[in-house]
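Build out the structure end to end from the sequences listed, making use of the hints.
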Amino acid sequence: DTAVSQTPKYLVTQMGNDKSIKCEQNLGHDTMYWYKQDSKKFLKIMFSYNNKELIINETVPNRFSPKSPDKAHLNLHINSLELGDSAVYFCASSRGAHDYGYTFGSGTRLTVV
Amino acid sequence: DAKTTQPNSMESNEEEPVHLPCNHSTISGTDYIHWYRQLPSQGPEYVIHGLTSNVNNRMASLAIAEDRKSSTLILHRATLRDAAVYYCILWTSNKLTFGGGTRVLVKP
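Those protein sequence lines, which keep their order, are chains D and C.
For reference, each letter of the first sequence is one residue, going 11 to 123 in this note's numbering.
For reference, each letter of the second sequence is one residue, going 27 to 134 in this note's numbering.
Read the hints as simulated data drawn from the structure, not as lab findings.
This one's a predicted model, so the numbers in the text were calculated from it and none came from an experiment.
It is possible that part of the hints are untrue.
To be verified - Dumping the calculated BS3-like pairs for lysine-lysine here, alpha-carbon to alpha-carbon at most 30 Å:
1. Lys54(D) / Lys29(C)
2. Lys62(D) / Lys46(D)
3. Lys51(D) / Lys95(C)
4. Lys29(D) / Lys29(C)
5. Lys51(D) / Lys133(C)
6. Lys95(C) / Lys81(D)
7. Lys51(D) / Lys32(D)
8. Lys95(C) / Lys29(D)
9. Lys19(D) / Lys29(D)
10. Lys19(D) / Lys32(D)
11. Lys121(C) / Lys19(D)
12. Lys46(D) / Lys121(C)
13. Lys19(D) / Lys54(D)
14. Lys62(D) / Lys51(D)
15. Lys50(D) / Lys121(C)
16. Lys50(D) / Lys29(D)
17. Lys29(D) / Lys81(D)
18. Lys121(C) / Lys51(D)
19. Lys77(D) / Lys29(D)
20. Lys121(C) / Lys32(D)
21. Lys19(D) / Lys46(D)
22. Lys121(C) / Lys77(D)
23. Lys29(D) / Lys51(D)
24. Lys95(C) / Lys29(C)
25. Lys62(D) / Lys95(C)
26. Lys46(D) / Lys29(D)
27. Lys29(C) / Lys51(D)
28. Lys62(D) / Lys29(D)
29. Lys32(D) / Lys81(D)
30. Lys54(D) / Lys95(C)
31. Lys121(C) / Lys54(D)
32. Lys95(C) / Lys77(D)
33. Lys77(D) / Lys50(D)
34. Lys77(D) / Lys46(D)
35. Lys95(C) / Lys50(D)
36. Lys62(D) / Lys121(C)
37. Lys133(C) / Lys81(D)
Printed below as a string of structure tokens:
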């Protein structure tokens with residue numbers, strides 16, 4: 011059983027399109043995150059949700075909209091895709107406190123052409 | 027955000043210990059020190075974390091300096107599967123903020 015699963019694994023789309031990436035965790039964790047890893051391999055946090063409430067929004071363009079229908083799911087919707095959105099997006103979850111590790115998904119490679 | 031400094035890369039021989047240093051001179055009293063690693067084409071994987079005392083688990087050991095301004099991740103016997111980028115991170119402001127990490131190469 012995969013602990014944090016993301017779909018799709020690969021996504022190729024044209025500029026201007028709208029796309030979504032889904033994330034689900036079966037660990038019973040309270041907090042979920044989206045991270046972006048660019049071509050230089052830096053991992054940057056985008057959003058964090060705790061029990062369906064947004065707690066971190068790291069100056070991400072408002073074309074990116076996270077949605078958490080319940081605490082086991084955190085989806086990422088991206089409007090009007092741009093070339094610079096090409097990256098690997100990782101979902102993660104944790105128990106929400108500082109003394110627990112994060113569990114990451116295997117990533118979604120988004121390519122905008 | 028509190029920052030960490032790590033060497034860009036390190037090499038090790040298989041079955042030898044690896045000591046990965048990390049400086050975090052601006053750490054505050056409530057910041058936890060976390061280590062993650064990322065194998066090629068995979069998501070980051072939790073390795074270990076601590077606050078003040080040294081910590082051991084099945085993957086590694088974490089040695090924390092008494093003033094907490096530096097720490098060392100110790101892989102006791104490196105295997106080829108340990109080749110990865112290792113990130114030293116301070117958990118602060120409700121989040122993990124990744125730096126550049128150390129790329130570990132393991133030679134057979």
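We went through each hint and held it up to the structure:
Taking the CA atoms of Lys54(D) and Lys29(C), the gap is about 14 Å. The hint holds against a cut of 30 Å. Between Lys62(D) and Lys46(D) the CA atoms are separated by roughly 20 Å; this keeps the pair inside 30 Å, and the hint holds. Between Lys51(D) and Lys95(C) the alpha-carbon distance is near 26 Å, which keeps this suggested pair within the 30 Å criterion. Between the alpha carbons of Lys29(D) and Lys29(C) the distance comes to roughly 34 Å, so the proposed pair goes past 30 Å and is violated.
Between the alpha carbons of Lys51(D) and Lys133(C) the distance comes to roughly 23 Å, so the proposed pair stays at or under 30 Å and holds. Distance check on the hinted pair: Lys95(C) and Lys81(D) sit about 36 Å apart at the alpha-carbon level, beyond 30 Å; violated. This hinted pair checks out: Lys51(D) and Lys32(D) have alpha carbons roughly 22 Å apart, not beyond 30 Å. This hinted pair does not check out: Lys95(C) and Lys29(D) have alpha carbons roughly 43 Å apart, beyond 30 Å.
At most 30 Å may separate the alpha-carbon atoms for a hinted pair to count; Lys19(D) and Lys29(D) meet this at roughly 13 Å. Under the criterion of a C-alpha separation no larger than 30 Å, the hint pairing Lys19(D) with Lys32(D) is consistent with the structure, at around 10 Å. At roughly 25 Å between alpha-carbon atoms, Lys121(C) and Lys19(D) fall within 30 Å of each other, so this suggested pair holds. The straight-line distance between the Cα atoms of Lys46(D) and Lys121(C) is roughly 14 Å, inside the 30 Å bound, and the hint therefore holds.
In summary, the hint linking Lys19(D) to Lys54(D) is supported, as the alpha carbons are separated by about 19 Å, within the 30 Å threshold. Proximity of Lys62(D) to Lys51(D) is assessed by CA-CA distance (about 29 Å); at most 30 Å being required, the pair is judged to hold. As the CA atoms of Lys50(D) and Lys121(C) are separated by approximately 21 Å, the hinted pair is consistent with the 30 Å bound. For the proposed pair Lys50(D) and Lys29(D), the alpha carbon gap of about 23 Å is at most 30 Å, so the pair holds.
About 22 Å separates the Cα atoms of Lys29(D) and Lys81(D), which keeps this hinted pair within 30 Å; it holds. Proposed proximity of Lys121(C) and Lys51(D) is supported: the alpha carbons are some 19 Å apart, at most 30 Å. With a CA separation close to 13 Å, the supplied pair Lys77(D) and Lys29(D) stays within the 30 Å bound. For the suggested pair Lys121(C) and Lys32(D), the alpha carbons sit about 21 Å apart, so the restraint of at most 30 Å is met.
Distance hint between Lys19(D) and Lys46(D) is fulfilled; the C-alpha atoms sit about 14 Å from each other, no more than 30 Å. Annotation: proposed proximity of Lys121(C) to Lys77(D) holds, straight-line Cα distance about 19 Å (limit 30 Å). A hinted pair counts as satisfied when its Cα atoms are at most 30 Å apart, and Lys29(D) with Lys51(D) qualifies at roughly 22 Å. The suggested pairing of Lys95(C) with Lys29(C) holds, with an alpha-carbon distance near 11 Å, which does not exceed 30 Å.
Of the supplied pair hints, the one linking Lys62(D) and Lys95(C) is violated, its CA atoms being roughly 35 Å apart against a limit of 30 Å. Our distance criterion of 30 Å between C-alpha atoms is met by Lys46(D) and Lys29(D), whose separation comes to about 15 Å. Restraint check for Lys29(C) and Lys51(D): the C-alpha separation of about 17 Å stays at or below 30 Å, so the hint holds. Proposed proximity of Lys62(D) and Lys29(D) is supported: the alpha carbons are some 21 Å apart, at most 30 Å.
With a CA separation close to 13 Å, the supplied pair Lys32(D) and Lys81(D) stays within the 30 Å bound. Restraint check for Lys54(D) and Lys95(C): satisfied, since their Cα atoms lie roughly 23 Å apart, inside the 30 Å limit. Simply put, Lys121(C) and Lys54(D) have alpha-carbon atoms about 11 Å apart, close enough for the 30 Å limit, and the pair holds. Our distance criterion of 30 Å between C-alpha atoms is broken by Lys95(C) and Lys77(D), whose separation comes to about 38 Å.
With a C-alpha separation of about 27 Å, the suggested pairing of Lys77(D) with Lys50(D) holds against the 30 Å cut-off. For the suggested pair Lys77(D) and Lys46(D), the alpha carbons sit about 16 Å apart, so the restraint of at most 30 Å is met. This hinted pair checks out: Lys95(C) and Lys50(D) have alpha carbons roughly 27 Å apart, not beyond 30 Å. A threshold of 30 Å between alpha carbons decides the hint, and for Lys62(D) with Lys121(C) the separation of about 16 Å falls inside it, so the pair holds.
The suggested pairing of Lys133(C) with Lys81(D) is violated, with an alpha-carbon distance near 43 Å, which exceeds 30 Å.
Consistency note: the structure conflicts with the earlier hints numbered 4, 6, 8, 25, 32, 37.
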